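S.K.: Taken in order, the sequence shown gives residues 6 to 717; the numbers are from my numbering.
It is possible that part of the hints are untrue.
Claimed, not checked - Straight-line distance between alpha carbons at most 20 Å, and here's what the computed DMTMM-like set of lysine to aspartate or glutamate pairs gives:
| id | residue 1 | residue 2 |
| --- | --- | --- |
| 1 | 513 | 627 |
| 2 | 237 | 253 |
| 3 | 602 | 559 |
| 4 | 237 | 139 |
| 5 | 689 | 402 |
| 6 | 208 | 239 |
| 7 | 692 | 627 |
| 8 | 692 | 655 |
| 9 | 314 | 324 |
| 10 | 208 | 316 |
| 11 | 682 | 698 |
| 12 | 709 | 694 |
| 13 | 237 | 383 |
| 14 | 539 | 457 |
| 15 | 265 | 239 |
| 16 | 513 | 425 |
| 17 | 454 | 526 |
| 18 | 709 | 615 |
| 19 | 677 | 316 |
| 20 | 232 | 324 |
| 21 | 709 | 627 |
| 22 | 602 | 627 |
As the list claims (entries may be wrong) - Between beta-carbon pairs, the in silico distance windows are:
| id | residue 1 | residue 2 | range |
| --- | --- | --- | --- |
| 23 | 697 | 193 | 27 to 33 Å |
| 24 | 186 | 683 | 46 to 52 Å |
| 25 | 499 | 203 | 53 to 59 Å |
Just so you know, these hints were derived from the structure itself, not from any lab.
Being a predicted model, the structure only gives us computed values, none of them experimental.
Using N, Cα and C, we set each Cβ at its ideal position, and we do this for glycine too.
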Amino acid sequence: MLGICRGRRKFLAASLTLLCIPAITWLYLFAGSLEDGKPVSLSPLESQPHSPRYTASSQRDRESLELRMREVEEENRALRRQLSLAQGRGHRRGNHSRTYSMEEGTGDSENLRAGIVAGNSSECGQQPVVEKCETIHVAIVCAGYNASRDVVTLVKSVLFHRRNPLHFHLIADSIAEQILATLFQTWMVPAVRVDFYNADELKSEVSWIPNKHYSGIYGLMKLVLTKTLPAKLERVIVLDTDITFATDIAELWAVFHKFKGQQVLGLVENQSDWYLGNLWKNHRPWPALGRGYNTGVILLLLDKLRKMKWEQMWRLTAERELMGMLSTSLADQVIHWNSPKKLRVKNKHVEFFRNLYLTFLEYDGNLLRRELFGCPSEADVNSENLQKQLSELDEDDLCYEFRRERFTVHRTHLYFLHYEYEPASDNTDVTLVAQLSMDRLQMLEAICKHWEGPISLALYLSDAEAQQFLRYAQGSEVLMGRHNVAYHIVYKEGQFYPVNLLRNVAMKHVGTPYMFLSDIDFLPMYGLYEYLRKSVIQLDLANTKKAMIVPAFETLRYRLSFPKSKAELLSMLDMGTLFTFRYHVWTKGHAPTNFAKWRTATTPYRVEWEADFEPYVVVRRDCPEYDRRFVGFGWNKVAHIMELDAQEYEFIVLPNAYMIHMPHAPSFDITKFRSNKQYRICLKTLKEEFQQDMSRRYGFAALKYLTAENNS
6 MLGICRGRRK FLAASLTLLC IPAITWLYLF AGSLEDGKPV SLSPLESQPH SPRYTASSQR
66 DRESLELRMR EVEEENRALR RQLSLAQGRG HRRGNHSRTY SMEEGTGDSE NLRAGIVAGN
126 SSECGQQPVV EKCETIHVAI VCAGYNASRD VVTLVKSVLF HRRNPLHFHL IADSIAEQIL
186 ATLFQTWMVP AVRVDFYNAD ELKSEVSWIP NKHYSGIYGL MKLVLTKTLP AKLERVIVLD
246 TDITFATDIA ELWAVFHKFK GQQVLGLVEN QSDWYLGNLW KNHRPWPALG RGYNTGVILL
306 LLDKLRKMKW EQMWRLTAER ELMGMLSTSL ADQVIHWNSP KKLRVKNKHV EFFRNLYLTF
366 LEYDGNLLRR ELFGCPSEAD VNSENLQKQL SELDEDDLCY EFRRERFTVH RTHLYFLHYE
426 YEPASDNTDV TLVAQLSMDR LQMLEAICKH WEGPISLALY LSDAEAQQFL RYAQGSEVLM
486 GRHNVAYHIV YKEGQFYPVN LLRNVAMKHV GTPYMFLSDI DFLPMYGLYE YLRKSVIQLD
546 LANTKKAMIV PAFETLRYRL SFPKSKAELL SMLDMGTLFT FRYHVWTKGH APTNFAKWRT
606 ATTPYRVEWE ADFEPYVVVR RDCPEYDRRF VGFGWNKVAH IMELDAQEYE FIVLPNAYMI
666 HMPHAPSFDI TKFRSNKQYR ICLKTLKEEF QQDMSRRYGF AALKYLTAEN NS
């Protein structure tokens, strides 16, 4: 948790550590303690610092540097003595600064410092004012699926309080970059710029340092920010992913104005007792100045660090310390939200900050799309095009809200949970594609039991519902046992359910050659995954335009003994336990499948397109997207099947495949369709416009769709 500093131990503006390795804190005060104020002249080290081979000249430089560092060590020992005396006086005055490790659940800190909460016994002096439209630069190292979720909460808290333009510099692996690039692109927050830097390319810079911390190699990458970030960038705030801001980040940025002379880094004292070396018998932590310094929040003067040859300094120091310490071992912070169990910590301060964290966790990110008045945003082509499209709509049109939904940009968080899957090497793999909202979560476990292959799901949720889903998934052994299910969150906005946008999001992130375009309330037959892979080969889908139809059935019973074979399904049809899908309310939707022929078929057979046909199909990944103009209930699948037909796909019914629709309460959208006349009028208008668009795109061949509609 981060508040801005209040305290007797003010936010340090000295050359302290760049990373959570207090192992080298004896070096950190080096630059600030130079009496002559001149930068250190260091020769470049070899690329492999653990096995260097130096020239005579570089060896002399190294010896000179080591001599100076021994002098600094003496200065640091003096500083330790001063710190110890100051702490003793503080206790005698009754300034309770004792803290405990939150890992043990006994922390009771009177003084929460910056990096978590900078609040000691006295107020900081008046902070210098940050210019109104001055851009604040923030660097974050982020890798993987979980850290990407943490970044979102951090960014929400920053955006909530900020009054300045922001420039985020994200050092991310390929997973985090894909997730966060899409998130920021669809978030469209004014006066926010995001740049990415490839973390995978930086691994070799720090991989030679062994460490046992949960952040792994990525935690060490803060050491190379002077080399990674743009040379023209002079200063930056470095943040851990699991921080939450309680005030404007500009107050932290203003601390840079307090830096003097050769002071180049800003850090605060660590809250853990780890580096005091007294937690257990023979406890031997990395050496640190006092408690060490917390690197959850760092202020870096990059230009001065580069002039000081920071790269050589930290490498030499780490190399030296590793001779005596086999690996880095890091302490933790007092209030830190990188583990669910830390939400259960007992501490007099933690209740407020827990609630603050949970508030931003579930806060509606759409509310943060606000302009900074008086600070012009950089030109954004996507935003300008969107505004142009919206301005062309007639707000007096009774179907305006339908038309507007087509251009709504929904904030999207890809791969909300861990995803790990390599498609089969024989190029026959099939991904089940579906979309859902909160009221269909109960179907997920059942689908996972019926379909063992990869799944791509788009979930339409609010920020609060996304957290409920996360808790639901993490509490499910079935879902946690599956790493080949991709969950993509599309955040709620507007009054309609954007069904075809959701389908497109799920389709776009399919990693297999083929897709089974299903719906969340259908259970596929057992073994369908393997059957489809064999059918892909049999029907040569790789080289032909075919859509394989999986016949759809339904039951009105909430408890169903699921048929394990076609013969068993036919028996249940005859007994009235099952029915062909929507036979009693929308016969045209699936009638062309020809269920009478399917009963006795043993080989695949071709059927022709007919008006209102909307089967569930298996197609190649490169098939056309769904048309976004259709939202809520009505014509969303019909239009897609029409497009496939216009592109000359053959419709082939599979003789031994089936899926069954499970009963559920009517959706809100179908209720609106049935009760709202204007809704039905607008849907009819959109259908006509879609058919006209088809005629323009496909010419004479598309006339049959107009004729078929008129005859139906």
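S.K.: Give a verdict on every hint.
M.R.: Going down the list of hints, with the structure as the test:
1. About 9 Å separates the Cα atoms of residue 513 and residue 627, which keeps this hinted pair within 20 Å; it holds.
2. Our distance criterion of 20 Å between C-alpha atoms is broken by residue 237 and residue 253, whose separation comes to about 25 Å.
3. Restraint check: the Cα-Cα separation between residue 602 and residue 559 comes to about 18 Å, which is no more than 20 Å; the hinted pair holds.
4. Between the alpha carbons of residue 237 and residue 139 the distance comes to roughly 16 Å, so the proposed pair stays at or under 20 Å and holds.
5. Taking the CA atoms of residue 689 and residue 402, the gap is about 14 Å. The hint holds against a cut of 20 Å.
6. The suggested pairing of residue 208 with residue 239 is violated, with an alpha-carbon distance near 24 Å, which exceeds 20 Å.
7. Note on residue 692 and residue 627: the hinted pairing is violated, with a Cα-Cα distance of about 24 Å set against a maximum of 20 Å.
8. The straight-line distance between the Cα atoms of residue 692 and residue 655 is roughly 23 Å, outside the 20 Å bound, and the hint therefore fails.
9. Restraint check for residue 314 and residue 324: the C-alpha separation of about 16 Å stays at or below 20 Å, so the hint holds.
10. For a cut-off of 20 Å, the pair hint linking residue 208 to residue 316 stands: about 15 Å separates their Cα positions.
11. Note on residue 682 and residue 698: the hinted pairing is violated, with a Cα-Cα distance of about 25 Å set against a maximum of 20 Å.
12. Annotation: proposed proximity of residue 709 to residue 694 holds, straight-line Cα distance about 15 Å (limit 20 Å).
13. Taken as a hint, the residue 237 and residue 383 pair is honoured in the structure, with Cα atoms around 19 Å apart against an allowance of 20 Å.
14. At most 20 Å may separate the alpha-carbon atoms for a hinted pair to count; residue 539 and residue 457 meet this at roughly 15 Å.
15. Proximity of residue 265 to residue 239 is assessed by CA-CA distance (about 15 Å); at most 20 Å being required, the pair is judged to hold.
16. The hinted pair formed by residue 513 and residue 425 meets the criterion: a straight-line CA distance of about 17 Å does not exceed 20 Å.
17. Straight-line distance between C-alpha atoms of residue 454 and residue 526 comes to about 14 Å, which keeps the hinted pair within the 20 Å bound.
18. Of the supplied pair hints, the one linking residue 709 and residue 615 holds, its CA atoms being roughly 10 Å apart against a limit of 20 Å.
19. For the proposed pair residue 677 and residue 316, the alpha carbon gap of about 64 Å is over 20 Å, so the pair is violated.
20. Annotation: proposed proximity of residue 232 to residue 324 holds, straight-line Cα distance about 19 Å (limit 20 Å).
21. Taking the CA atoms of residue 709 and residue 627, the gap is near 25 Å; set against the 20 Å cutoff, the hint is violated.
22. This hinted pair does not check out: residue 602 and residue 627 have alpha carbons roughly 30 Å apart, beyond 20 Å.
23. About 31 Å separates the C-beta atoms of residue 697 and residue 193, a value consistent with the hinted range of 27 to 33 Å.
24. Restraint check, residue 186 to residue 683: a C-beta distance of roughly 39 Å breaks the suggested window 46 to 52 Å.
25. Checked against the hint of 53 to 59 Å, the C-beta distance between residue 499 and residue 203 comes to roughly 36 Å, which is inconsistent with it.
Hints 2, 6, 7, 8, 11, 19, 21, 22, 24, 25 from the list above are not met by this structure, while the remaining hints are.
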